[in-house]
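Visitor: Protein chains in written order, with the numbering used here: chain X, 1 to 412; chain B, 1 to 412; chain W, 1 to 412.
Hints are computed from structural coordinates only; laboratory data are not their basis. Yeah, the Cβ is synthetic: ideal placement off N, Cα and C, and Gly gets one too. You may find that some hints are simply not true.
Stated by the list, open to error - Here are the computed distance ranges between Cβ atoms for each label pair:
#, chain 1, residue 1, chain 2, residue 2, range
1, B, V358, X, K154, 48 to 58 angstroms
2, W, V272, X, A157, 32 to 42 angstroms
3, W, P275, X, E189, 48 to 58 angstroms
4, W, V347, B, F281, 58 to 68 angstroms
What the hints assert, rightly or not - Here chain W is said to cover these stretches of chain X; the calculated rule only asks that three of the stretch's residues, wherever they fall, bring their Cβ under 8 angstroms from a Cβ of chain W:
#, stretch
5, 9-20
6, 23-33
7, 39-47
8, 69-75
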Amino acid sequence: MDHCFIQFTILRFVGFGYLMTFLKTYGLGAVGLTMLITAIGIQWYLFCESFFRQWYANDNDAEAWVNVNVNIYALTKALFGVSSVLISFGAVIGKVKPFQLVIMTISSLVFHAFNAEIILAGAMKTADIGGTYAYHMFGAYFGLSVSYFLKRSKQPADPPTGYIADIFSMVGTLFLWIYWPSFVGGLAEADSGQQDRAIVNTILALSASTICTFYLSSDRSSGHIFRPADIQNATLAGGVAVGCIANLNLNPVNAILVGCGAGFASTLGYQVLQPFLYNKFGLHDTCGIHNLHGMPSIIGGIASICISAYKQSGGRNHDSEVFRSHHGNEAWRQFVSILLVVTCGIVSGAITAWIMNVVEPDAEHTEFDDQLYWETAGDFKSEESTKNVDNGFVVVSQSSKKGGEEFQINVQ
Amino acid sequence: MDHCFIQFTILRFVGFGYLMTFLKTYGLGAVGLTMLITAIGIQWYLFCESFFRQWYANDNDAEAWVNVNVNIYALTKALFGVSSVLISFGAVIGKVKPFQLVIMTISSLVFHAFNAEIILAGAMKTADIGGTYAYHMFGAYFGLSVSYFLKRSKQPADPPTGYIADIFSMVGTLFLWIYWPSFVGGLAEADSGQQDRAIVNTILALSASTICTFYLSSDRSSGHIFRPADIQNATLAGGVAVGCIANLNLNPVNAILVGCGAGFASTLGYQVLQPFLYNKFGLHDTCGIHNLHGMPSIIGGIASICISAYKQSGGRNHDSEVFRSHHGNEAWRQFVSILLVVTCGIVSGAITAWIMNVVEPDAEHTEFDDQLYWETAGDFKSEESTKNVDNGFVVVSQSSKKGGEEFQINVQ
Amino acid sequence: MDHCFIQFTILRFVGFGYLMTFLKTYGLGAVGLTMLITAIGIQWYLFCESFFRQWYANDNDAEAWVNVNVNIYALTKALFGVSSVLISFGAVIGKVKPFQLVIMTISSLVFHAFNAEIILAGAMKTADIGGTYAYHMFGAYFGLSVSYFLKRSKQPADPPTGYIADIFSMVGTLFLWIYWPSFVGGLAEADSGQQDRAIVNTILALSASTICTFYLSSDRSSGHIFRPADIQNATLAGGVAVGCIANLNLNPVNAILVGCGAGFASTLGYQVLQPFLYNKFGLHDTCGIHNLHGMPSIIGGIASICISAYKQSGGRNHDSEVFRSHHGNEAWRQFVSILLVVTCGIVSGAITAWIMNVVEPDAEHTEFDDQLYWETAGDFKSEESTKNVDNGFVVVSQSSKKGGEEFQINVQ
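Chain X with its partners taken away, still in its complex shape:
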């Protein structure tokens, strides 16, 4: 189990942390605040999860309130919970203060525990081994809602990106890709048939979405070039989507199709939908979590509806082990779960944004700037001046004795 814990910490820290370092002037914030969120969340979620789990399980039994478990299994579950905060963090990174982020972490985990324990595991008994509903869908719509309802003195602009920052960001992509199968299969019974299937289906879906992303990213751009933002993110969309069906007895083709669909949707999201949402509704989504987590989790949910409907209506291989608690219509449950999770995410995000506005009103104007919150090294802003130099022409104002004549110097 400690071995699993390590895998999941890598996923959170190295994966999510470095994925966001594509922000050229916010790299320290991306990695450092990921550490802070995790360190706070891992302790706080022990209480949140315990509270809602016991509340639901024993609501008629006054004596059942027992201790909070502090063991490696509880800490692993807490790490899973933290991943929904880190997903939400992607929507607001660079636009909130560190203390606002602490508030968001604490608030988010309460609502996440309510959503995961009461709605999904308790009331709906949703089939969701890999957390497509619990982490990705909730985290994405919670984060988008916070980003939308947070009061800011001005509209946020596009964050500056950089070449080396893009390569750093690929570190995050690779570690997320690598550890995604263990993320999806992680909470399944160890070495069971379900866990093996979950891992295999996730690998297939990830490979499919990687290929589709490379294809579509190149095909849609002028000059047929790859866009780093697509490759860094949309390649992972297959893993998001396949999470809620990965442990079913599927033909491998199903996992591949779901991966392809998620990869296509996610790439289109980065290229078309994200600018549209920003220009039309003013919804600013720094890392594009709607494309990587929001839409693919909806696609995964729809796939789980179709598959459970097909299986229940006499399809082969009814997975009684997966659907064992379901007495009603499984497809219907999966569908209602989507509505409940999205609603829960948006409402709780709005509440959290309101708290954040009240506790620490936003006064800063500058965004995506490590210098506001970090003691940066002397070469921090040098890239900007370098960029000017790069243009070939640097406008300089000469302050010699002869007077301030303006002239251009052509740096060869």
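Given chain X's structure and the hints, the job is docking chains B and W onto it.
Guide: What follows is chains B and W alone, placed relative to chain X:
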């Protein structure tokens, strides 16, 4: 098994991907195309391996053609197969188009499966636990052959390197070093004596080649300084060479000697042989895979010849478990395997290069340039202008009213 | 076991190596020399540990001198030994020549094996599952002593840092954080209650020190900004301190308190004590190992004294399994161990520094400069000129025909 799969993905993605980021202006290509090759190869090799394995095993039995296995074990074997493509990729990186690379991946895996299943496992029953023959020798000579026979409009030049790129590249080196023991012992029976021996011998060989590389790299250079290319690559040569003998009952000194020999040969390769081959034969080898994979695998093959000859001629500790399928002369089989694998690699590489030339003729002139295939950030080429500034003297052409006199500005 | 070995190599290589890349102009040295130290140390410590272990265990039995074990367990113990050298390396990095470092590695491991096998495991039977005494306390005071007694022609200055170097350094921090629990629990009996407790307590202590470091780093600085040096290092102090008590039956609050104390002390060390020691005593500590390893290990030692005194004096849950070899006063033993280890570290460090001075006298003046020992890429020093450009004003000396008038150019 999923745990092993993760280790091997890290080896492929983070190890091979970042090892090649020493190319200062091709970092996105190095990491991104590694992802693309892996995503395609992992699915395609499921079919290749299944085809040749069944063909050989059941060639007299028409009914034996069964389904392609899709499970975690098959995916792990596919990942191993992909590593031979990634090795070949090192010879041509920066000089081929992404689509040419897709063709190379598909073609390479067919020939690799033929080589591994028909020649090595089937006909020769070569002792090769760590894939010295199957992955390193085949991948190296295949890649060199592709690089040699690929038609290009002009000779490729040395790729630009960078200081930060060198540090990124060390990430790849470290992860390869770390996961190499599990790569060599990975397909051995779990927790067997063979696997333990394979891991211990690999660690010793890697340590030995690391020390030898540091020594020789510093000793041969003017000023006794380390060359990053040596340290990034030749330190790993011991792991390549020891692969085909790692599971034998060896005195630890043997593993250390093989590691030393591989480290020395590889460092000399980077310093002497690679420039010689380029100037004499026009063989351009971007990452020096001949030094890291080609020569060390030959050294490993020779070591396996010597050791099996010694063991069979009455030496102590005949490893009946390793050589159980060998009825003839084991040393002879190991020797003939070298010839067959190198021939197979060169011929199939030539065929693949011909296909690549036909399907997508090369028209581009610029090389090692991410801008051709990626939407790069604004600061992509800024390092070049910076380099000019660095010289201390920047030639500027002043366009003031007084006329275009040329003068030098000394940036202090 | 090979799986553990991999975890510990990641800790050494990626963790310690990249943690030290915050040195902007010494990144290749930080990562490369970490490899060299590990490759040498892992082989040399096999002999050191075997020598002292057998010497102590069988000092009355002349026939007991047996072979040196070379297996995966011995290699894992050797890797643990290497970590004390890597800790010491942090105090002298950038100020010693590579060959001096080789001497330090060899000498340090002899004394470390003496300290760990004869003093701690043999004579004192100190409770120290996670190596707080054996690795952190010894390594820190050994390294500080070497740095203090090493003769240098001039006082070392502050090393240059960089923005991208800081982000690289965070890679090291994250991997150390992630693998620290397995470092502390690594040598405990697998899957035992002790190992589980060790892992859980370490995670809690790390989380606590992370939160305290973020708080104090921001609170003490002008402008309430985070200092990268604090975040990169002090966040890990909790793991150092909790090492010698992690396997005890503790209330989780104890682990959290120890983590908080270590985080506070370490942050204050970086901000207050380190400049004080340098200005007052000329003790130069490049990476601040006194703050990350020295003080937190003393805090851990004090905590172990208090806890063992409390437990022995009738406190609940006497951990007979941990303290089984202790017949005398356990608290007293833990206390005397601190004195012995610190003394052993300082004395053996002074001896080692003397050897280093004799074998290879220091003649170089420049420090923290990769160019002395590495063939650096063409853009190596470009950041420095960039930094000048960054100031906004670049003083240029115009060498036109009109004469050498000095003027300022304002780069916009």
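Visitor: Which of the listed hints are broken here?
Guide: Going through the list in order, the structure violates no hint and respects every one.
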